[in-house]
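Visitor: One line per chain: the protein sequences are A and B, in this order. The numbering used here applies: residue 1 is where the first sequence begins, and numbers increase by one. The numbering used here applies: residue 1 is where the second sequence begins, and numbers increase by one.
Derived from the structure by calculation, the hints contain no laboratory data. All of these numbers come straight from a predicted model, not from anything done at the bench. Treat the hints with care, since some could be wrong.
Pairs involving identical chains hold if they fit within one copy or between any two copies, as the list cannot separate such chains.
Claimed, not checked - Here are the simulated lysine-lysine pairs, DSS-like style, with alpha carbons at most 30 Å apart: (1) K255 x K301; (2) K370 x K358; (3) K255 x K265; (4) K333 x K198; (5) K370 x K333.
Number of protein chains: 2
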Amino acid sequence: MRRPSLSVLILTAIIVVLAGGLIATLLFVASQPAPQRGIPPLVEVAPNEPVSAKWGLNFPNQYSTFLLTEQNAISTTYGGSALISKLEQDPRLVTLFAGMAFSKDYNEDRGHRRSLEDVRATRRVNETTPATCYSCKSANTPSLWAEMGMREFDKQKFFDMSARITEPIGCANCHEANTMRLIVTNPALEEALVALGKDWRTFTRQEMRTVVCANCHVEYYFQGDDKYLVFPWRNGTRIEEIAQYYADTGFEDWKYPDAGTSMIKMQHPEYEVYTADSTHYRAGVACADCHMPYTRDGAAKFSSHNIQSPLLMAEAACGACHTDVSYAVERAKRIQDQVHETMLKTEDALIAAIEALKAAASDANADQSKLAEARTLHREAQLRWDFISAENSMGFHNPEEALRILATAIDLARQAQLKAIAASQTALLASALR
Amino acid sequence: MRRPSLSVLILTAIIVVLAGGLIATLLFVASQPAPQRGIPPLVEVAPNEPVSAKWGLNFPNQYSTFLLTEQNAISTTYGGSALISKLEQDPRLVTLFAGMAFSKDYNEDRGHRRSLEDVRATRRVNETTPATCYSCKSANTPSLWAEMGMREFDKQKFFDMSARITEPIGCANCHEANTMRLIVTNPALEEALVALGKDWRTFTRQEMRTVVCANCHVEYYFQGDDKYLVFPWRNGTRIEEIAQYYADTGFEDWKYPDAGTSMIKMQHPEYEVYTADSTHYRAGVACADCHMPYTRDGAAKFSSHNIQSPLLMAEAACGACHTDVSYAVERAKRIQDQVHETMLKTEDALIAAIEALKAAASDANADQSKLAEARTLHREAQLRWDFISAENSMGFHNPEEALRILATAIDLARQAQLKAIAASQTALLASALR
């Protein structure tokens, strides 16, 4: 047999390398959705198009996984997507939210595709509810905001807008039509970022994979008679800065019955808690890395739009970085157990404070200055606890920060209790000694 | 020029690979200390030899780095090896340890080579101090325990044993002579492990790289009149299990003056805190991985015996696993800040409890049953705080556990304050209403 000459060997090697490169390039191009590989989209999608099914024709993998958020009904230990009553799980919440709607109806959130159905079913909505409550529940809002302006939208009543709200959360809540760029769609987020001196148009794609979640997963309130949607971030997004904002503005969500405390209900501040120097955030991990892990359909690689707890897809979610997935899952479980234990202690302390406040408030001779101090302590304690309680991760998004905040909340709640007791004991003693 | 034939090319490749392997093998063998590469040791070391300099002749790299622990005098933000008064840094400690020696003299620990000098200099030692206090301060103890038995050793007075204690902490505290195997040398650790059903002789080398630190870096107490050294681990090494042990045995380190609480002083429970499911521990990281990182002297690879804060050698310590060392150091700083802030809140709560207890205890009419409950709450709160305060990492060894324990301590301290106020208010009211 003739030996191949060196030049033949070299030529063969060059051919193999070139052919390999060509095949890899073709596979990569094939893996991209049609519009992104230069092929005209199957369907032209209008700006702010509310109907996700139309976008889905161009992006079948993203859309078909997104549809799964409709069926998800699995609970994790402390969360998940099943329709579970938080009030039944932890009856302390009925006391903590006494006098406001969350004491009547407070369920675990289900998937994005269930958003519209669930907001219409909740008993927290009534004829006085503003349309603002639709802000984060529907893919119709970006086009309505563009058409009416957010202030006009928020002025409407919830039920008056219902005819124009037909779609649950969808593509238009996070994407620019056709370019599919991740964008800030909620004017309240735009305004909050501007107030912080930030321009999201300069953010990296990885930053946007966290910031788009802040279109909704944040603490917010309805400002003034217009019920204008505002994120309380003027001082910053830390709990102390948000608490200061509410103290400065004197805003109140409700008055605690009999205790008389002016209260704040926290919503779902996932963005604020996660970005407060959490380990994962500081390591450069975006929300989408864990909640929308990259997946494959044959040669096509795409981020799963079946947005849910990473614990329900740990191999894809945690496994992208952690070689030992069972270690990562066990860590999450342990951390959530520690936060949960501390959260229940905080609730007990708050309830003790509320009892003492009620007693003092019903005492006509109570020291009013001490009583006012006790109420401020109660408000500050409960809004801190709720910042972690309403945040959907049982502390896992930022374990040390969650536990630091709960420790502070316990301290403030017990001080509220002490101050309330002092308010009525002072009166009792003064009267007894008279 | 003649082209080399294929057979010549193949032969050359084989020679290069074999020669490379030979060189690598020789370098590896040369990197091992003489006794471990089959060469007889330069010096024969007797079992439990107290003089580290003798071992050092066989292990010059380990010994020379160990000697550096004598010079270390650098502070980190919350620790390090400089001789700093903790009482001056945080005067709350003077109140919290009132009535016992730590309120008079409580310094940051210096390096291992300074152990003997520092234990003799502390004003916590006096003529009643038992020899037990030498247990972890000298390389003489393993041979003395072997000779006298630990019970006989612990029965002696500190100053009576001083003539036989000539060496600071050294090789014999962790190593078996000649084999250099890591071993449990402290009989109290042996007994505590046996009580937990554990046999350290079956542990892996990686486990031993944590367990040998538990020869000293643990909570302990002196049992009975013999001042017998005991680790309170019968129920387990978690804080709740240790607290239960002390509650069951009724042990008391001191009586808090005027408040009357029966107190526990925690020592340095680094082992218990770290192994309570910390992230690093669960990931398989041993104490020695961070505090004694592998280093090189030319071809020789060895673990640095300059045992100190990893923050003072972050490239070697954190960098062995974390590609971004500045990220790891920043995380440590942030976590320690969060724990420190929470620790100071706990101290304030404890001091408030102590003030209320003193007032109640000085009130002859105070409700004695409520006062007893308040004292129990004070004891339980303070021992939890001290478990984290006396642990030398400002929570970094186990951030979530540290914050969980501090949150519980705040809650218990405020409950102690409430109960003490109730104890004397009840009396005051009863007397006023009479």
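Visitor: Now tell me, hint by hint, if it's right for this structure.
Guide: Going through the hints against the structure:
{"no.": "1", "hint": "K255 x K301", "verdict": "neither (51 Å within a copy, 67 Å between copies)"}
{"no.": "2", "hint": "K370 x K358", "verdict": "both (13 Å within a copy, 23 Å between copies)"}
{"no.": "3", "hint": "K255 x K265", "verdict": "within (11 Å within a copy, 45 Å between copies)"}
{"no.": "4", "hint": "K333 x K198", "verdict": "between (35 Å within a copy, 26 Å between copies)"}
{"no.": "5", "hint": "K370 x K333", "verdict": "neither (42 Å within a copy, 38 Å between copies)"}
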